[in-house]
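Enquirer: Put together the whole structure using the sequences plus the hints.
As they're listed, the protein sequences go chains W and S.
So the first sequence is numbered by the working numbering: it starts at 2 and just counts up by one.
So the second sequence is numbered by the working numbering: it starts at 7 and just counts up by one.
FYI, nobody ran anything at the bench for these hints, they're computed from the structure.
Be aware that a few hints might be false.
Said to hold, decoys possible - Below, computed lysine-lysine pairings styled on DSS-like, alpha-carbon distance capped at 27 Å:
(1) W:K223 x S:K104
(2) W:K267 x W:K330
(3) S:K158 x S:K32
(4) S:K32 x W:K273
(5) S:K35 x W:K273
(6) S:K104 x W:K210
(7) W:K302 x W:K330
(8) W:K330 x W:K299
(9) W:K258 x S:K104
(10) W:K258 x S:K32
(11) S:K67 x S:K131
(12) S:K104 x W:K273
(13) S:K44 x W:K273
(14) W:K322 x W:K267
Residue strings, one per chain:
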Amino acid sequence: MRRLISVLAALVVGTSLAPAAHAAGTKVMFTQVTGAPISGTPSVAAGETLHFVLGNFPASGGLYIFQAVKPKVNGSKVTQFDQKGALMISNGSGANFTPAQVIALTINNGNSWGADCAHQQCGLWLEYNYEKPNDRSEDQFVPFTFSALPTAVATPGASPAPTMPATTETLSVKINGIVAQANTPGKIAYREVLTFEATSESGAPVTFKSYTPDLCPLTENKVTALKGSGQCDIAATVGSKSSHFPFIVGPGVQNVKSSYSGKVGKSIALAKESNFGEMVSYSSKTAKICTVKGRTLKLNKKGNCLLEASAFGTDNYSALKTAIALSVK
Amino acid sequence: MIGVLVSVFTANFSSAVTGPAGEVLKVSKMTGIKSGDKLTITGQHFDETVGIYVALCTIVKKGLLPTPCGGGIDETGLTGASIWISSNPPSYGVGLAKPFQPGGRFNVSIKVSPMIGKIDCRKVKCAIYVRADHTRGDDRTHDLAIPLSFVK
Numbered sequence: 002m003r004r005l006i007s008v009l010a011a012l013v014v015g016t017s018l019a020p021a022a023h024a025a026g027t028k029v030m031f032t033q034v035t036g037a038p039i040s041g042t043p044s045v046a047a048g049e050t051l052h053f054v055l056g057n058f059p060a061s062g063g064l065y066i067f068q069a070v071k072p073k074v075n076g077s078k079v080t081q082f083d084q085k086g087a088l089m090i091s092n093g094s095g096a097n098f099t100p101a102q103v104i105a106l107t108i109n110n111g112n113s114w115g116a117d118c119a120h121q122q123c124g125l126w127l128e129y130n131y132e133k134p135n136d137r138s139e140d141q142f143v144p145f146t147f148s149a150l151p152t153a154v155a156t157p158g159a160s161p162a163p164t165m166p167a168t169t170e171t172l173s174v175k176i177n178g179i180v181a182q183a184n185t186p187g188k189i190a191y192r193e194v195l196t197f198e199a200t201s202e203s204g205a206p207v208t209f210k211s212y213t214p215d216l217c218p219l220t221e222n223k224v225t226a227l228k229g230s231g232q233c234d235i236a237a238t239v240g241s242k243s244s245h246f247p248f249i250v251g252p253g254v255q256n257v258k259s260s261y262s263g264k265v266g267k268s269i270a271l272a273k274e275s276n277f278g279e280m281v282s283y284s285s286k287t288a289k290i291c292t293v294k295g296r297t298l299k300l301n302k303k304g305n306c307l308l309e310a311s312a313f314g315t316d317n318y319s320a321l322k323t324a325i326a327l328s329v330k
Numbered sequence: 007m008i009g010v011l012v013s014v015f016t017a018n019f020s021s022a023v024t025g026p027a028g029e030v031l032k033v034s035k036m037t038g039i040k041s042g043d044k045l046t047i048t049g050q051h052f053d054e055t056v057g058i059y060v061a062l063c064t065i066v067k068k069g070l071l072p073t074p075c076g077g078g079i080d081e082t083g084l085t086g087a088s089i090w091i092s093s094n095p096p097s098y099g100v101g102l103a104k105p106f107q108p109g110g111r112f113n114v115s116i117k118v119s120p121m122i123g124k125i126d127c128r129k130v131k132c133a134i135y136v137r138a139d140h141t142r143g144d145d146r147t148h149d150l151a152i153p154l155s156f157v158k
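Expert: What follows is the structure in structure tokens.
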């Protein structure tokens, strides 16, 4: 921790106003204590714990995460932050949490580190840890709402909140046949279909539920994404035990039929639409071998015919620009 | 909606309209429509997270719920005069609602009558409307319309 603090202090002194090189890759998803995502910006009071999971965690290096006041200039590093409360997230030794865990950070009012979260915008600050002190590409401020009052006040003498009985039931979940780890954000693309399979140690039936049914509806054990961005959460439940599988939704891959063959003199009708219904246009890159008029391909001569297919994209899927090759016999 | 409708009229009875989010609504026929005609209505680039109804309704001012509509809220799928399209319907809607095709597309047919209850679309202005389904009944941001003209 001493090393951590000294490194953080050095970072503040040395690079306090260094702009972030580019958008950070790590995604913060606020969750409940179970790892189930929550929508919107969470509201937390001093002494309460903020829970979140991380997606797109960098392949190399770890991160520091701490409470901070929003930088005055977007893209700048924070200058008011809680270095004593910093967490290190890494797969290496000395980490407070691994990237796959539900991370818990207890929030304070900022007074002990010269801030006032009741009147200043506080949030989480992420940056590379001591392994990459000069790499600012993971710098990121993620705001939360600081509440002056706790969200739940304990009443002296009141009965403790009921808790679910402890269970030793274990769940094994596969997504598209691959063993999946709970609370570790996965990826799903627009209109990609993921198939969930689960078994419990006891053999009790496992049920699935989408906690984000608008974006990622679940049909039996299959889930798909209806947009090209956002976050989804699918839970597998057996008895009182639920495991959450969060996903970061990304754009889909647009494609078009690309397998054609034919002999000299033949005309071929090329696919009119892509898999997302966009009109596809074609051009020939080998005009001596083959020509295109509209969506009709004419094979003129033996050889390799090379076409370029293109179609518009949207927020949900990228534009199509692909080569199609066929051998004219 | 008024702006959308005006753009349709001034476009010399174009049979397509584009919404604020880029969604495109098309109708196979806008004018000279007779009772019993079957119209093909297609859409593309619609927000697939929002279920919609496609129906013949009387034209209303922007911001107002398009109503009345032929067939009303078709939760049964039996009336044929309005079509429910949703890729994420409530459990009772699974099998009733028609899912969007990838790309926010749909392709449906509606057999139309000039009468919506007691309202005569030969005397008042009516349109093929798209609106958010009853799970977002107050959400007017998805309303789109293409006016129709019936044979008198």
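Enquirer: Mind listing which of the numbered hints don't hold for this structure, in increasing order?
Expert: Failing hints: none at all.
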